[in-house]
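Sequence order for the protein chains is A and B. Taking the numbering used here, the leading residue of the first sequence gets 113, the next gets one more, and so forth. Taking the numbering used here, the leading residue of the second sequence gets 6, the next gets one more, and so forth.
No lab work stands behind these hints: they were computed from the structure. Even glycine gets a Cβ: it sits at the ideal position worked out from N, Cα and C. Incorrect hints may have been included.
Interface residues of chain A toward chain B, partial, derived using beta-carbon atoms under 10 Å [what the hints assert, rightly or not]:
#1 E139
#2 F181
#3 E183
#4 V185
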Amino acid sequence: MMTRGDENEGRGLMPDGMVSGHVDDWEELAVDYLDGVLDPSTTAAVDAHLRDCPACAARLHKQGALVAFLEDVDYEAPPSDLEDRVLGQLLFPAAGARAETDAETLPIQPLKQQESRWSALWRRKIVPWVPATIGVVAVLALVVTYGLVRESADESTDLAINTTAAQTVPAGSAGSSGSGGAPGGTQAVSAAEPTVGAPAQETAGDSAASRDTVTTTAAAATTMVLGAGTAYDPESETTPTTASPATTASAMTETTAAVTMAPGTTVVVQNKAAMVADLRAAGAPVYIVFNNGVEGDGEGAGNANDGTARIGAGIATQLTALTGLEPLDRSLWIDGPTFAAYVPREQAQQFVDLLLSIGTSSQTSVSLATQPPHTNAASQGPATVDNDALSRLMEKKAEFVELSASKTPRPAVTDWSFTTSTLPPVGDDGAEAQQPALPDEAGTHVLVVISVQD
Amino acid sequence: MSVTDNGRDEGVDLDIALVERARGGDESALTELYRRHERRAYNLALRTLGNPWDAADVTQEAFIKAFRNLDTFKGEARFATWLHRIVVNAAYDHLRRRRPEPMDGEILDDLSGPGGPAAVVGSGREGIDPAVDGLSAPLRDALMSLNEGFRFAVVLCDLLGFPYNEAAEILGVQEGTIKSRIFRAREALVTALEKAGYDLPSPRATRDDTKDGKTGGKTGGDRNLDPPDSVTPPRTIGDDA
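Chain A with its partners taken away, still in its complex shape:
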């Protein structure tokens, strides 16, 4: 590995083949000289200088002695328990707070790689603390959306509409909630049973009261969930427990359509059980929104202040990395990267787990609704939607893939990994010249539209 003479010219060797100055002027050459890797002419130049300069010669000599000495120093053995300490933590991570902290402080840099390898690694990071944090997701979402709502009380944004829960409020109870007309958008998270009527809610009649209402509602919501199956409103014309998804869906649609979303309307708090239930029961497309905060809102969503778009991009990347699902074409986007897929109904639980873990890891609220998300531009009034994007999206229904979860084989840490697959046509009746039913029409899957809003 000879360093060539012409390279050395920039390093102290002069065109006339001599070195200029003293060793300090050609430190790199000196190092190479001591290693014996200089080409002959450069070596000769150094030799010539050293011949005439005892000071430099002495310095180089001592350096040489030092280097030889250092190279002889033996490695020290690490403490015998170091390996156990390291591997113990890696292979048997402590669940709970410690792992949580470590996972959250590690830089998360998603990369485009093959999904199987990717999914495993991601889940290894996320899973240890997912069980621990799922319990607090409700509170987290509460905190995040509460922060959002406080702002929305002033700006008439339609966050409230965006985060409307798929409320399985039976049509009957709409009137029985004690408020005039439709409930003012204060929808509590219903329990697992679709037919649990919303308890008598305090209507968000005016923005002034909305703030308090949020707290109350949220609290009510949280507790309500625990009482799954309880019918709160026995007198109302509650639809029977075995309400078919279609009925429930239409009831939802009617109810929410009738709602006038006044500014400052309270925001619903999503929680996992409700989301899973809604997803399982949905008969119409379900809309998932990742929302990490409005412009100018620095509350709740931690570092949403700087690089909100970056977080949004990060979420989209995470989603792709974890599932293999690619974002749709830009023309179909609803306020940000948008994804669509058919999720098997019976895997609603795993799917919601996935969404919530992404949301928690990026401190972003996740909401699930049967209404399409409201675009940021719209203001109060009936929920308007970027109809163009949405209808174009729906036209492509047949092209969407299936997003399903399968059990990860051991020895991976995680239980489930997601993959996408193109669906075989369902119910292909050769006899009738009809299009094969799409998975959501056949009832086995739910069409999920995920949008990541900045």
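Let chain A serve as the given structure and place chain B on it in line with the hints.
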């Protein structure tokens, strides 16, 4: 330098294979990957931090961080380079968090380390006395007295045997920068050791005849380094005109 190029390449390939398996959840691959690099990583921490307790903490922290982020290793650098970069960062963080006093011989005498009670460190003239970390106190003091950038450079290259280009990658600097730092680090060490009255043993003669057998000696009388058995770069045959 201490490893032939062939040996180094084989090691690199093995690392790549182990990383792949470890990413897939293979615990034995992870363990082997750890064992392959533990010693050098630990010594990097040890020689730059100056004591075995901090070194163990930093090494542990670095390995855990590295293995938990195995997915971010893109293979553009060697695994060892990538890993030791993490160790360097962890060590730097540690140094920033706590600025320990330069380790005195006296302080060390009172502490019991992993190797048992520290031996009293004699004067450098007696050669290396096994102390807490295998270095004589004057050498350790001299190392710790270096500016950190210099210290890392000389530890990586002269103590751990990393080639300059790899050391440059690890520290995130140009190769020329590394060499310049090395040069100055060595000079500073020499000065510090001289001040401590520590005489470096004369370099062994092996350095003269490692390459092509031609001893530097007094080739044609044009060597002006004294004493005669000084470090002499090998000369190519026929080059003593």
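### Query
Of the numbered hints stated previously, which ones are contradicted by the structure, given in increasing order?
The structure conflicts with no hint, since it agrees with every one listed earlier.
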